[in-house]
Amino acid sequence: MAPGTIAAISVFILAYFFIISEKIHRTKIALMGGVVLIVFHIITQSEAFHFIDFNTIGLLTGMMLLISVLKETGVFSWFAITIAKKSGGNAWKILLWFSIFTAIASALLDNVTTVLLIAPITILIAEMLDITPFPFLVAEILAANIGGTATLIGDPPNILIGSATGLSFLDFVIHLGPISIVVLVVTLLLLKVIFRKQLTAGNAAIRETIAGMDETKVIKDPVLLRRSLIVLGITVAGFLLHGWLGLKPATIALAGGGALLIWSGTDIEKRLGEVEWTTLFFFMGLFVLVGGLEKTGVLEFLAGRILAMTSNLTLLCLCILWLSAIASAFLDNIPFVAAMIPLMMRISAALFPNTEGLDEAAYQVWQMKQAMPLWWSLALGACLGGNGTLVGASANVVIAGFSEKTRSPLNFRNYFRYGFPLMILSVVLASIYLLVRYLLAG
Amino acid sequence: MEISKYMKRDFRNVAPHTPMREIARLFFETGESVLPVSNEDGTLSGIITIDDFILIFLPDYIDLIRSVDFLHDFGALERSSFSIEERLLVAEDLMREDITPLEETESVMKAAAALHKLGLQRIPVISGQKLVGMISLGDVCRAIYDMEGR
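For the protein sequence lines, the chains are Z and D, in the order given. Every number in my numbering is 13 more than the matching position in the first sequence, counting from 1. Every number in my numbering is 648 more than the matching position in the second sequence, counting from 1.
Read the hints as simulated data drawn from the structure, not as lab findings. Don't take every hint at face value.
[Claimed, not checked] Below 16 angstroms or equal to it, Euclidean Cα-Cα: the simulated EDC-like pairs (lysine to aspartate or glutamate) are:
1. Z:LYS230 to D:ASP717
2. Z:LYS98 to D:ASP721
3. D:LYS656 to D:GLU752
4. Z:LYS418 to D:ASP708
5. Z:LYS230 to D:ASP721
[Stated by the list, open to error] Selected chain Z positions facing chain D (in silico; Cβ < 7 angstroms):
6. MET141
7. GLY225
8. MET226
9. LYS230
10. VAL231
Even glycine gets a Cβ: it sits at the ideal position worked out from N, Cα and C.
For reference, chain Z alone in the conformation it holds in the complex:
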């Protein structure tokens, strides 16, 4: 091996080791790792910039801007209070509809923002009902990650996969939507059984307390709300049509974010201040790190070894699904998926060679369609796996933080008891889905 190759692999492994150990913030490591590759001439600076996937960065930025305005409107609280009132103080109904709302919001926005806005209201309402918030918070973690699985913009692994493969928003909805709905329904039904003792119907006093809440008070600026919802609606429509429009998802997101910045008349400094720069810089550093690894040829080597063991698509899909699920349950799924993508690109290219003599663009589209089950396996494993433990996804960590302020805080052990078996069940369901829909049919 060339010294450059060894150095690149060493930097990559060292950086991933530090990211996984979580002793130093992941963004610092990713940035420094990327810079080290350039400093030691393993890659050039222009190569480094070339590796950064600005479609992912643009998509994240656009959505962050849109959400930063949307969350000011109080619309999340409005939905939560309305749901609670309609439920008439019945705890199971509240858990059910809060979870469904969380899942839908996580599919269209990002999971962390969704739970940041919904969890405080959930805790308050649970306490008002004199029920421990624990079942509600567990349900919301599960729902956020399951909802996020369903769309291209729902969860960072999907954003990465969508950007790398060119699979469209609609592809994600059509292929991952059905299984996400099945997993959500099964999970919620099981939660109803598991927490049946805590989820009581509520008495007259509770109904009165809940009915006394006034959801109209949380909407401070109806004009801003209307504008935000219109822009969000058009943006989602844009995502559904982006393949047909010939536009990348990042363009849609930035158009939506940009339009709302102007139309809402909001303070630009404040909005840009709310963009999660740590996340954006983490992605940038990570792209450079993975790019350095790609350049060494080690991924070709690994892909070759994997294909030498098996070129059976079914077996590969199931291995990727379960490996990503277990890995994502305990580790950060973003660096995992970022490294898996170029590896899978090579496996896909080897499995589906250009035998028809198609031109490059047509071949890429054809290859991605053929390799779809592989990509759905990765997406399902990485997203659903996040439900396995309390550290499996960012939304889990946020909810755990909030729960510290309640009478029954979530910790690794008490969450694991519910989260891990339910995650395993969801991956079993995903395996069956992949087998029935893609693998056995052919």
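Based on these hints, arrange chain D on the given structure of chain Z.
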């Protein structure tokens, strides 16, 4: 304008082991929002603000909610939040020790600025290590027009 001229030397203070119930009564009776905590030898130990006191009886996660406008009442919380455990706290459990007291020889202008920065209504004044008075925003107003004290 020296603080010593305008501060109040007649003030109520509590000891580190004064129970919550007594502190509550003092807040209610004096209408003050800050009480000094002093030791037996007269040295200043810290201050208790009425905000810190009230916060103990509000659920922690109230900070997570942007506004309470939409609430009518707190339901089950109204019965549970004033728990026995919290009622048994004493002054030193909730006092702030990180506030730098003012010296009686310092200027009233400094007192005004310090109160503004801290967002407090009044603050202890010391001489040497001993607590000798309290200066409030009201006292600062009096100093501005150099009015007669009560």
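For which of the previously enumerated hints does the structure constitute a violation, in increasing order of number?
-> Checked against the structure, no hint fails, so every one of them is satisfied.
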